[in-house]
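Chemist: Going down the list, the sequences are from chains A, B and C. Reminder that position 130 of the first sequence reads as 130 in the UniProt record's numbering, one-by-one numbering, no gaps. Reminder that position 337 of the second sequence reads as 337 in the UniProt record's numbering, one-by-one numbering, no gaps. Reminder that position 275 of the third sequence reads as 275 in the UniProt record's numbering, one-by-one numbering, no gaps.
Note: identical chains are not told apart, hence a pair may lie in one copy or across any two.
List of simulated lysine-lysine pairs, BS3-like, C-alpha gap at most 30 Å:
| no. | residue 1 | residue 2 |
| --- | --- | --- |
| 1 | K89 | K302 |
| 2 | K297 | K227 |
| 3 | K132 | K199 |
| 4 | K262 | K68 |
| 5 | K256 | K297 |
| 6 | K309 | K95 |
| 7 | K170 | K160 |
| 8 | K244 | K302 |
| 9 | K262 | K227 |
| 10 | K262 | K297 |
| 11 | K65 | K128 |
| 12 | K89 | K68 |
Treat the hints as calculated values from the structure; they're not laboratory data.
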Amino acid sequence: MAGLHHQLTMLWQTGAKRCSFSFFTRFLWSSCSRNNQVTEKRGIFGKKYIPRRAVLYVPGDDERKLKKVPTLNVDCAVLDCEDGVALSKKEEARKTIRHMLDQVEFGRTECVVRMNSVDSGLASDDMKEVFKAGRLPPTIMFPKVESVDHVEWISEELFKHLRTRTLVDKINLIIYIESAKSLLDLRTICQRAVDLSEKGLFILDGVVFGSDDFCADIGATRTLQAKEVLLARQNIVLVAKSLKIQAVDLVYIDYKDLKGLKEQSLEGAQMGFTGKQVIHPSQIPIVQEAFAPSTDKIEWAKELIKEFKEHQMSGMGAFEFRGAMIDKPLLLQAQNIVQLAEVLEL
Amino acid sequence: MAGLHHQLTMLWQTGAKRCSFSFFTRFLWSSCSRNNQVTEKRGIFGKKYIPRRAVLYVPGDDERKLKKVPTLNVDCAVLDCEDGVALSKKEEARKTIRHMLDQVEFGRTECVVRMNSVDSGLASDDMKEVFKAGRLPPTIMFPKVESVDHVEWISEELFKHLRTRTLVDKINLIIYIESAKSLLDLRTICQRAVDLSEKGLFILDGVVFGSDDFCADIGATRTLQAKEVLLARQNIVLVAKSLKIQAVDLVYIDYKDLKGLKEQSLEGAQMGFTGKQVIHPSQIPIVQEAFAPSTDKIEWAKELIKEFKEHQMSGMGAFEFRGAMIDKPLLLQAQNIVQLAEVLEL
Amino acid sequence: MAGLHHQLTMLWQTGAKRCSFSFFTRFLWSSCSRNNQVTEKRGIFGKKYIPRRAVLYVPGDDERKLKKVPTLNVDCAVLDCEDGVALSKKEEARKTIRHMLDQVEFGRTECVVRMNSVDSGLASDDMKEVFKAGRLPPTIMFPKVESVDHVEWISEELFKHLRTRTLVDKINLIIYIESAKSLLDLRTICQRAVDLSEKGLFILDGVVFGSDDFCADIGATRTLQAKEVLLARQNIVLVAKSLKIQAVDLVYIDYKDLKGLKEQSLEGAQMGFTGKQVIHPSQIPIVQEAFAPSTDKIEWAKELIKEFKEHQMSGMGAFEFRGAMIDKPLLLQAQNIVQLAEVLEL
Numbered sequence: 001m002a003g004l005h006h007q008l009t010m011l012w013q014t015g016a017k018r019c020s021f022s023f024f025t026r027f028l029w030s031s032c033s034r035n036n037q038v039t040e041k042r043g044i045f046g047k048k049y050i051p052r053r054a055v056l057y058v059p060g061d062d063e064r065k066l067k068k069v070p071t072l073n074v075d076c077a078v079l080d081c082e083d084g085v086a087l088s089k090k091e092e093a094r095k096t097i098r099h100m101l102d103q104v105e106f107g108r109t110e111c112v113v114r115m116n117s118v119d120s121g122l123a124s125d126d127m128k129e130v131f132k133a134g135r136l137p138p139t140i141m142f143p144k145v146e147s148v149d150h151v152e153w154i155s156e157e158l159f160k161h162l163r164t165r166t167l168v169d170k171i172n173l174i175i176y177i178e179s180a181k182s183l184l185d186l187r188t189i190c191q192r193a194v195d196l197s198e199k200g201l202f203i204l205d206g207v208v209f210g211s212d213d214f215c216a217d218i219g220a221t222r223t224l225q226a227k228e229v230l231l232a233r234q235n236i237v238l239v240a241k242s243l244k245i246q247a248v249d250l251v252y253i254d255y256k257d258l259k260g261l262k263e264q265s266l267e268g269a270q271m272g273f274t275g276k277q278v279i280h281p282s283q284i285p286i287v288q289e290a291f292a293p294s295t296d297k298i299e300w301a302k303e304l305i306k307e308f309k310e311h312q313m314s315g316m317g318a319f320e321f322r323g324a325m326i327d328k329p330l331l332l333q334a335q336n337i338v339q340l341a342e343v344l345e346l
Numbered sequence: 001m002a003g004l005h006h007q008l009t010m011l012w013q014t015g016a017k018r019c020s021f022s023f024f025t026r027f028l029w030s031s032c033s034r035n036n037q038v039t040e041k042r043g044i045f046g047k048k049y050i051p052r053r054a055v056l057y058v059p060g061d062d063e064r065k066l067k068k069v070p071t072l073n074v075d076c077a078v079l080d081c082e083d084g085v086a087l088s089k090k091e092e093a094r095k096t097i098r099h100m101l102d103q104v105e106f107g108r109t110e111c112v113v114r115m116n117s118v119d120s121g122l123a124s125d126d127m128k129e130v131f132k133a134g135r136l137p138p139t140i141m142f143p144k145v146e147s148v149d150h151v152e153w154i155s156e157e158l159f160k161h162l163r164t165r166t167l168v169d170k171i172n173l174i175i176y177i178e179s180a181k182s183l184l185d186l187r188t189i190c191q192r193a194v195d196l197s198e199k200g201l202f203i204l205d206g207v208v209f210g211s212d213d214f215c216a217d218i219g220a221t222r223t224l225q226a227k228e229v230l231l232a233r234q235n236i237v238l239v240a241k242s243l244k245i246q247a248v249d250l251v252y253i254d255y256k257d258l259k260g261l262k263e264q265s266l267e268g269a270q271m272g273f274t275g276k277q278v279i280h281p282s283q284i285p286i287v288q289e290a291f292a293p294s295t296d297k298i299e300w301a302k303e304l305i306k307e308f309k310e311h312q313m314s315g316m317g318a319f320e321f322r323g324a325m326i327d328k329p330l331l332l333q334a335q336n337i338v339q340l341a342e343v344l345e346l
Numbered sequence: 001m002a003g004l005h006h007q008l009t010m011l012w013q014t015g016a017k018r019c020s021f022s023f024f025t026r027f028l029w030s031s032c033s034r035n036n037q038v039t040e041k042r043g044i045f046g047k048k049y050i051p052r053r054a055v056l057y058v059p060g061d062d063e064r065k066l067k068k069v070p071t072l073n074v075d076c077a078v079l080d081c082e083d084g085v086a087l088s089k090k091e092e093a094r095k096t097i098r099h100m101l102d103q104v105e106f107g108r109t110e111c112v113v114r115m116n117s118v119d120s121g122l123a124s125d126d127m128k129e130v131f132k133a134g135r136l137p138p139t140i141m142f143p144k145v146e147s148v149d150h151v152e153w154i155s156e157e158l159f160k161h162l163r164t165r166t167l168v169d170k171i172n173l174i175i176y177i178e179s180a181k182s183l184l185d186l187r188t189i190c191q192r193a194v195d196l197s198e199k200g201l202f203i204l205d206g207v208v209f210g211s212d213d214f215c216a217d218i219g220a221t222r223t224l225q226a227k228e229v230l231l232a233r234q235n236i237v238l239v240a241k242s243l244k245i246q247a248v249d250l251v252y253i254d255y256k257d258l259k260g261l262k263e264q265s266l267e268g269a270q271m272g273f274t275g276k277q278v279i280h281p282s283q284i285p286i287v288q289e290a291f292a293p294s295t296d297k298i299e300w301a302k303e304l305i306k307e308f309k310e311h312q313m314s315g316m317g318a319f320e321f322r323g324a325m326i327d328k329p330l331l332l333q334a335q336n337i338v339q340l341a342e343v344l345e346l
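Bound-form chain A, shown alone (with noise of 0.2 Å):
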């Protein structure tokens, strides 16, 4: 269920796209496509969409916190190769990765594998040694993507280690953008990988801002407001969004303070971003909540709507709702919250 919050931003990214080729209103109250993709969890492109509302980070070398995953309750969970394993236990790492994927019943978690970058030399062993599961993960991360020839090195090596495989879906790709010209070249860098994934074993599903390698990369420093990186993130929700794949908001470092989470999880959540990542299980909850909506916006949906049919039969077109002149776009945030809630039971 808590896939839906997403698949109504889906919805969100694609309703102007949708009114762009047909009509609006045509698309506005087509029951029928809108049944199909919630009851059926795919999204307008066809694709099954996954949510990812927490990302949380669990050292691949860990055989207990990987074990503790299906307790969690988290849409995604990252068995790491990087950043959080040390230099000599990247081989224990992948070898842990790979045996957990088939022994570990991960229930409604999402299992996703972060290789180490493409520039660091590591990848290409990361892969060829996690591919050996029975069960591949449906979704790669891959840090660090500062290129188009990153890229189309992944595509490459994908073919190289998964040749021997019969896929059943293609593998999600989702890339972090942590330097200033990753970030510059961030639209170029997304447009080449979806060219890439029509022939490829891979889709481009996602963009996640790597917050301290970026701050490190440009000299700057992290503070709580953030201010320092909003160009940052609002750049990649933008290219994200125009492309409909998700973009998943920087960490909060400072885990015991879940108040300060909770109000950038709210930001980040009305910025655009589908998700957060999140590095301890204390923080799962609370940015799970914040990527849904509220009751109060719920009502105020659901009511906007019935007053809306009560003037559309009128004939007239914008309306007062609780002083406030309301027109399309609105009523179109206001149905899919609706239809959001309806399958979450709010």
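Here the structure of chain A is known, so what remains is to put chains B and C in place on it, guided by the hints.
Modeler: Structure of chains B and C alone, referenced to chain A:
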């Protein structure tokens, strides 16, 4: 007189450019060209400047509201075919707008027609009917312009629908940015419109930020502080001003909160927007005042220029004024404010 | 010693890059190359790093102020031919600067000459006179660089005016961004300068944000919070750091408000700027302190690294420190701060 603030803004925009080709000081005190710009209401590029501080939407099918426009003292009224009109009323709206253009004396208010979007399939019919009016609208608006293709379609349709008409002036085109993709492509789209206008029947005159559709597209939620659209707003100002065209800021949706409206209007003016969309007549005076210079500012500007002239005589460059070092950029701002105040008789 | 903070920033900028080609940990603890960078004051790319935390303007025709520069303990003094000098005093300014360069011992302060803009028609005469000095300025600044053409013109003029001189080092070029167009084209302009410097007499070393001309160009009003230029500031940091060059922040115009100056200086440093323009000597110590690390930060960094080493021994990756999960990006920041503190003897 209301248009002069905008004229001022155009002067601001072009100040740096002009000083690129001649020399700053020559421009600054060239009273000849200055007087010409102000008294003839023509901008530096020979195009008449049209003030659009408040841009008010009026549903095209609502004859009562349309007839009320001349009493509102608004810079710009949008006779709307798009979001303010129910699908069942589109034909009625077109015909009503056509007759209103010929029958109503709108006085100092510019009457603009907003067509339906290119992708709606309704825009060609909109233009066909509206352009039957004896008095053509000086300006048309197109919502949801997403690509260079859209601009080319508009250009061709104008030739088609206006081939039997004699135009005294080219028609002003104002486009809406309402999605992630269109924001990313904004400069390319606008540049194509500028190029096409060379031999076309239109001139690109402004960009409007359609914040609700934009937020729906990126999955963002509108908040009071509007932090979620800060990048979008600043990008729109940046691209518009790089092409010396107008930039119209987002709607303040809660039309009963006039205090909030005032704050957001002042913020928009400070950011470089030349006007703001309004959805209720009560918003007009607040917005129009926010986009005009304050008494304090005028007094500051007059005194600064007086002191500068005295220092200039003495051959000194930078000088101190009220505890601040003053150089030419500040002088240019002051000069523009004084010119505006003189014409507004403030 | 003041330059080391900037050296640190350069290390930050290049940290992620280096770890792309070798591996992070190898870089992190490679004391050999680290010592080389710090003690020889050379950056990773072999170019000597010049600190410019505070960048002070001094009118080129004001001999009294110019002679006072060595007493000010400022990183960088700009001997100005442009906005600080009245048109009637341009020739006097050029000659005064030429003589000051040869006669005054500026000590630890770098003396930079700001020419008039390319489009002013004055820049060629500026260079002709200034480059007659026996001691050439190590760095020149060009205001209002608007296009690739401007950069090409500067490159050619340098060949013309310096053809009879033997250069020990290439001349550093710093350009000003002062309009919407130049901000939109910033990356292209800077990349062209980097390309031209391959066989040219200069090296692009930084970008300065000329906020007053920029605001005049976009029709914005400068406010205390500077929200109206947030996009511009963050874009300048982004492009500069992607090319590993310096970024110099806006002037704080009210030079009597030292509290406000301090806040804005710290904000700029947090955003990734390497320095800030100042217009009065009283601003220098505040700005230079803001662009150096705090005692708290140094203590945090030292302790973090101590604990990391202990954890590293034990083979663990991410670990907890003062309630926060620490991984490599944070480690790199801490490492850089410790290196800096050692050399500053803090």
